Amino acid sequence: MSKKSASVWTSIRFWRRSAAWVTGTATVLLIWLTFDTMGQISMGSDADLAKGIKHRIPAATVINYHVDYQFDQKRGHEVPVIGEKEKFFGKEWSAKDAAALLHHGKLTSQAKNCMNCHTLLGNGGYYAPDLTKAWLDAKWNDGTMTGITGKNTKEEAMAEFLMHPSQYPTHARMMPDLGITQDEAVALVAFLKHMSAIDTNGFPRNFSQSAKRLEGGTHAH
Amino acid sequence: MLINGELKYESQKLGMNYFRVALVLFGAQLLMGLIAAIQFLYPGFLFEIFDFSVSRMVHINALVVWMLYAMIGSVYYMIPDETGEETVGIGLGKLAFWILTAAVAVVVLVYIFIQVGPGNESTIWFINEGREYLEAPRWADIGIVAVVLVFYYNVFATYMKGRRTGIMTVMVANLFALAGLYLTGMFFTDNISVDQYWWWWVIHLWVEATWEVFVGTLAAYALVKIIGAKREIVEMWLWIEVLMLFGSGILGLGHHYFWIGTPEYWWEIGALFSSLEPVPLVAMFVHVLYDWGKEQGHCESKGSAHALNNSPAMAWVTANAFGNFLGAGIWGFFHTLPQVNIYTHGTQFTAAHGHLAFFGAYATILIAMMYIGVQGSYGIKKMTMTFKTKMALTLIIFGVLGMGVALTIAGYEQVLVERADLGGGWDAYFIAQDLPWYIQAQGWRLAMGVVTFVGFIYLAWDLLTIGAVESAQEESEGAAAAAAA
Ligand code: HEM
Ligand code: HEM
Ligand SMILES: [Fe+2]
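Residue numbers (the working numbering), protein chains in the order written: chain A, 1 to 221; chain B, 222 to 706.
Source of the hints: derived by calculation from the structure; they are not laboratory data. If you're wondering where the values come from, they're calculated on a predicted model, not measured in any experiment. Glycine included, C-beta positions come from ideal geometry on N, C-alpha and C.
Now the stretches of chain A that chain B is said to cover, found in silico as 3 or more residues with beta-carbon under 8 Å:
#: 1; stretch: 29-43
#: 2; stretch: 102-110
#: 3; stretch: 119-128
#: 4; stretch: 204-210
Cut-off 20 Å, straight-line C-alpha distance, at most; resulting in silico cross-link-like pairs (EDC-like, lysine to aspartate or glutamate):
#: 5; chain 1: B; residue 1: Lys603; chain 2: B; residue 2: Glu227
#: 6; chain 1: A; residue 1: Lys96; chain 2: B; residue 2: Asp411
#: 7; chain 1: A; residue 1: Lys212; chain 2: B; residue 2: Asp642
#: 8; chain 1: A; residue 1: Lys96; chain 2: A; residue 2: Asp48
#: 9; chain 1: B; residue 1: Lys603; chain 2: B; residue 2: Glu695
#: 10; chain 1: A; residue 1: Lys74; chain 2: B; residue 2: Glu485
#: 11; chain 1: A; residue 1: Lys154; chain 2: A; residue 2: Glu84
#: 12; chain 1: A; residue 1: Lys54; chain 2: B; residue 2: Glu485
#: 13; chain 1: A; residue 1: Lys212; chain 2: A; residue 2: Asp142
#: 14; chain 1: B; residue 1: Lys602; chain 2: B; residue 2: Glu516
#: 15; chain 1: A; residue 1: Lys87; chain 2: A; residue 2: Glu156
#: 16; chain 1: A; residue 1: Lys74; chain 2: B; residue 2: Glu489
#: 17; chain 1: B; residue 1: Lys602; chain 2: B; residue 2: Glu227
#: 18; chain 1: B; residue 1: Lys603; chain 2: B; residue 2: Glu691
#: 19; chain 1: A; residue 1: Lys151; chain 2: A; residue 2: Asp183
Here are some chain A residues pointing at chain B (derived, C-beta under 7 Å):
#: 20; residue: Ile12
#: 21; residue: His171
#: 22; residue: Met195
#: 23; residue: Asn201
#: 24; residue: Arg213
Put together the whole structure using the sequences plus the hints.
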């Protein structure tokens with residue numbers, strides 16, 4: 001090279017090589033971390049659920065169990081707690097049926113574009129409540145929604161609401177009728193129940209305290 | 222922007238076509254945003270006719286697509302300048318443009334008129350994929366990949382044939398990554414965590430890595446073109462920017478993996494690397510102002526007044542330098558630590574950042590590229606601002622900043638009341654949505670959205686007319702000078 005750079009700091013060659021090395025290193029690290037993460041977030045198995053072995057993302061058959069969200073002393077935030085068996089739409093679902101139901105529910109959530117009003121795991125639109133832990137929301141457990149939909153169980157109430165949301169308004173801002181069928185509604189509820197059992201490192205924070213904090217009104221006015 | 226008679230290369234003419242469609246989609250984006258903003262305040266507006274999910278989906282899709290159009294347009298425009306060659310396979314490139322535009326039109330019509338489908342694969346293939354930003358149905362995804370392959374072939378083959386500048390080297394390498402990343406967003410999975418893991422590969426590794434590097438190359442090109450900055454210096458800066466942007470942005474991806482089911486180690490990785498992301502944005506800001514100041518100084522010492530040959534473009538490049546730093550750097554940093562993000566995640570605060578960042582980092586510089594295109598199309602030697610240029614700059618920047626501030630206030634309310642005080646959930650959500658200050662903020666957002674839209678009308682009007690007006694001016698000045706001599 002005829003025009004030799006005065007110092008390495010003004011040498012294009014130096015910066016080009018550094019850029020390539022840094023980018024390459026970051027990419028390799030990301031790929032390595034991705035392999036590790038994929039291992040940790042693949043769905044658990046039905047057998048592990050039965051044995052009480054925890055997975056960040058449980059098997060679809062988690063719909064056969066009671067799900068809760070409780071503070072964990074060691075981790076310093078709330079975590080999903082999978083409890084006793086409970087019926088889901090009046091029955092226990094086989095591993096195959098539960099997986100098929102979850103598949104249908106996930107597909108329906110995309111086909112109906114839920115994510116452009118709601119957030120799922122905190123991502124999406126901000127026009128409607130976050131759905132990450134919707135299955136555990138006090139609204140479905142304290143009799144409000146079972147009351148207005150006239151259903152006995154919360155899964156039935158949720159399904160009924162999803163089919164005819166604008167008939168059961170809770171706020172001036174209503175959910176529109178998206179033409180959700182009975183089968184799709186059941187599948188969506190399974191999708192929501194499964195999502196509520198995902199270990200989200202404590203998001204949303206203090207969700208399990210929400211009902212208590214709302215008691216007797218709020219100071220927020 | 223109407224004609225391009227002065228352009229010597231077909232590649233640049235094709236670039237102008239991409240700019241034209243981009244401008245139309247930009248307008249459509251803003252209209253959809255206005256509808257969505259009205260729905261926040263008057264939820265009955267178009268209820269069960271054109272719901273918020275639809276207006277929002279078209280708003281953000283039009284956003285992404287107009288930006289991609291303007292990016293492709295910019296590349297076709299700069300190729301001949303950089304390589305000294307006509308684009309190889311330009312005929313194929315033109316065909317691809319028409320195919321892509323037809324596909325975009327069909328996709329948008331389906332979004333608007335069909336909206337949603339039954340919960341099965343056919344909807345994913347033909348109506349919409351229902352994943353924020355990546356809603357385009359599968360058939361369109363495949364079409365986009367085909368068109369992008371043609372585009373990439375055009376760019377790569379021309380690069381190999383012509384002069385290989387540093388700017389083009391970065392462009393070619395970066396486009397490869399940018400296009401490849403789209404593939405990671407094209408599959409379906411039942412596992413929502415795996416779904417979002419890869420979804421962020423597209424979204425984040427686009428806007429915080431490859432698109433940023435793209436902006437770096439555009440800024441480098443624009444500085445050489447507008448103020449005659451020294452190529453060696455600009456290209457050295459460009460490599461430093463690549464180093465810093467990829468060094469921080471690639472692993473900064475971790476800031477989206479705090480709460481989606483992914484392991485805790487992403488807290489540290491995401492926090493550390495994404496906190497470094499503002500550093501290159503400061504550097505880019507300094508770089509633009511420094512080069513400008515330096516070239517201006519040279520000009521003044523030589524006795525000529527102005528270093529700029531295109532002041533509208535330079536104004537938008539400067540808006541970019543600052544807007545990128547503000548919207549992405551500062552607003553991004555605000556919520557990037559997990560300790561903060563646990564409360565702000567998925568609130569209006571995110572929306573405030575999304576607006577300021579997309580506008581500041583991308584809309585601005587792509588508008589600058591359109592002005593450079595107009596200058597070339599009409600063969601204007603020194604393009605200056607018209608009244609409309611100034612109105613567009615002022616109103617759009619003021620409008621978007623206003624929306625950003627309003628949404629930040631709405632976000633604060635939401636974070637404090639819904640999240641921190643009440644712990645989230647359905648009732649907590651609506652209590653926060655009904656707070657008087659929250660509603661007021663939504664009102665200001667709508668008002669500022671209208672301001673932005675009026676600014677856009679000035680922008681479109683200016684882009685359509687400035688070329689003819691100023692080329693006529695230069696001609697008559699030239700004639701007067703010739704007559705005097
Ligand atoms: C030009 C560059 C950038 C653009 C266009 C951009 C855009 C966006 C958008 C649109 C979202 C919302 C995504 C959604 O809809 O869910 C988002 C989220 C986020 N961005 Fe950026 N961003 C940029 C740069 C940055 C930088 C440099 C940082 C950090 C220093 C950052 C930090 C974040 C964080 C933490 C979130 C997640 C927010 C949440 O949890 O809700 N961004 N960004
Ligand atoms: C007329 C002006 C505009 C109005 C009224 C408007 C309105 C809106 C509304 C209502 C949303 C939905 C937010 C939510 O889910 O709560 C939205 C989302 C979004 N808009 Fe706009 N917008 C406008 C201009 C822009 C511009 C100029 C850009 C960028 C260049 C932009 C980028 C975005 C992005 C990235 C999102 C998604 C944000 C997220 O998910 O965090 N918008 N806009
Ligand atoms: Fe990000």
